[in-house]
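Undergrad: If you're matching them up, the sequences are chains A and B in order.
Per this note's numbering, residue 9 is the first one in the first sequence, and the count goes up by one each step.
Per this note's numbering, residue 941 is the first one in the second sequence, and the count goes up by one each step.
FYI, nobody ran anything at the bench for these hints, they're computed from the structure.
By construction, the Cβ of each residue, glycine as well, lies at the ideal position given by its N, Cα and C atoms.
Check the hints yourself; a few may be wrong.
A partial selection of chain A residues facing chain B, derived with a Cβ cut-off under 7 Å [as the list claims (entries may be wrong)]: (1) Ala18; (2) Val19; (3) Ile20; (4) Asp21; (5) Glu211; (6) Val219; (7) Ile223; (8) Asp224; (9) Glu229; (10) Arg237; (11) Ala240; (12) Lys242; (13) Ala244; (14) Ser252.
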Amino acid sequence: VKCRVCRGPAVIDVRRHNANFCGEHFIDHCREQVRRAIDRFEMLSPGERVLVAVSGGKDSLALWDILVDLGYEADGLYLGLGIGEYSDASGDHARAFAATRGLHLVEVDLREDHGFDVPTGAKAARRAPCSACGLSKRHLFNTAALDGGYAAVATGHNLDDEAAVLFGNVLRWNTEYLGRQLPVLPERDGFPRKVKPLVRLTERETAAYCVVRGIDYLVDECPMAAGNRHLAYKEALNDIDVSSPGAKAAFYFEFLDKASHLFTSGTEANQDGLGECTSCGAPTTTEICAFCRLVERAAGAEPVPVRAPRRG
Amino acid sequence: VVQVTLRNPRRVLEVDGPMRVEALLNRLELNRESVLVIRNDTLVPGDAVLDDADEVEIRPVISGGSA
Chain A
9 VKCRVCRGPA VIDVRRHNAN FCGEHFIDHC REQVRRAIDR FEMLSPGERV
59 LVAVSGGKDS LALWDILVDL GYEADGLYLG LGIGEYSDAS GDHARAFAAT
109 RGLHLVEVDL REDHGFDVPT GAKAARRAPC SACGLSKRHL FNTAALDGGY
159 AAVATGHNLD DEAAVLFGNV LRWNTEYLGR QLPVLPERDG FPRKVKPLVR
209 LTERETAAYC VVRGIDYLVD ECPMAAGNRH LAYKEALNDI DVSSPGAKAA
259 FYFEFLDKAS HLFTSGTEAN QDGLGECTSC GAPTTTEICA FCRLVERAAG
309 AEPVPVRAPR RG
Chain B
941 VVQVTLRNPR RVLEVDGPMR VEALLNRLEL NRESVLVIRN DTLVPGDAVL
991 DDADEVEIRP VISGGSA
């Protein structure tokens, strides 16, 4: 097959665009998709400082690379989650990427700075590991962005991530979650703006971007997330996309265009009841925020080894 | 033979070349949207032909996925 742009030998086909690309023009394609997402959803303005949530995986490193190439002043934030060898390796990849490109990486370590790790926190709070991890990440991203004076936090959620979450929320008609599933969450008291500039790229495209750019990302995924429900949704959507290329993108973007506005009321109602956490000052609907409650339970608990969760 | 490395769990298969990448993925029952095929650090498109003595990696791209 030949590159759509230069007619040279292609290295990848992108069926939903009915296009093949050589390496150079595939990189251009990825940058253009990110630029269009940023413009279309008014994610960032030129010159704004952005804090990129970096895990060392394909999505976050591709995102950081593209934002820097597009001219944004983008620093990275790496959270040490204490998930055994996985966290050690992910930190190594994030640091190596930052060092080779001369970029600034902010680091926060859950155990060093807050006295627990994800496996321990999950057990102590009787939460699923992904729940304790997500709660910690949201809180620490918010805090780091506000402390550092960044205009926005950028995360590496891609089209597959967003389509899979939408699929799960539609299956159960979780209307409150549907109202929050937007590529941009605007800044409001105590929360920084959150943006997802990769929503126009699939996981296959972000992985391919890293291979073509020579970015050494951590291929292995978190052992605690193995077998989770979203993985099955992603596989189901990819099965549909093989027989109907573009269906996955249409499912997500048509939702944004035609239906997402129908589900916003729950989110707005929640904003009215926000106060300040009496422990850390973060916005919360309760006296003490969920992260501080997690710290209370988990800090000082006996450390729990990393183990893949059993799923029914 | 073509040496094919897969992940999660990591394993190596041998298949007879020449074989098109698409045919290999079909034979392994892998969804082409869920993997990349890499030969010598370079992406290989679906219509490429793998020859004997080629060493390729089939890399999952779904977070937590296998290949």
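Undergrad: All hints are to be evaluated individually against the structure, with a verdict given for each.
TA: Hints, verified against the model:
1. Restraint check, A:Ala18 versus chain B: the minimum CB separation of about 5 Å is within 7 Å; hint holds.
2. The criterion of a C-beta within 7 Å of any C-beta in chain B is met by A:Val19, whose closest approach is roughly 4 Å, and the hint holds.
3. Because the smallest distance between the Cβ of A:Ile20 and any Cβ of chain B comes to about 5 Å, under 7 Å, the interface hint for this residue holds.
4. With 7 Å as the threshold, the beta carbon of A:Asp21 comes within range of chain B, its nearest partner Cβ sitting at about 6 Å, so the hint holds.
5. For A:Glu211, the shortest C-beta to C-beta distance to chain B is roughly 5 Å, which falls under 7 Å, so the interface hint holds.
6. Nearest Cβ of chain B to the Cβ of A:Val219: about 6 Å, under the 7 Å cut. The hint holds.
7. At about 12 Å, the closest approach between the beta carbon of A:Ile223 and any beta carbon in chain B exceeds 7 Å, and the interface hint on this residue is violated.
8. Among the interface hints, the one on A:Asp224 is violated; its C-beta lies about 11 Å from the nearest C-beta in chain B, farther than the 7 Å criterion.
9. Interface restraint check for A:Glu229: the shortest CB-CB distance to chain B comes to about 4 Å, inside 7 Å, so the restraint holds.
10. Residue-level restraint check for A:Arg237 is violated (minimum Cβ-Cβ distance to chain B is 11 Å; threshold 7 Å).
11. Evaluation of the A:Ala240 hint against chain B yields a violated restraint, the C-beta minimum of about 10 Å exceeding 7 Å.
12. Given the 7 Å rule on beta carbons, the hint for A:Lys242 holds: about 5 Å separates it from the nearest Cβ of chain B.
13. Proximity of A:Ala244 to chain B is violated relative to the hint, the smallest CB-CB distance being about 10 Å (cut-off 7 Å).
14. Interface hint status for A:Ser252: violated, as the beta-carbon distance to the closest one in chain B is roughly 11 Å, over 7 Å.
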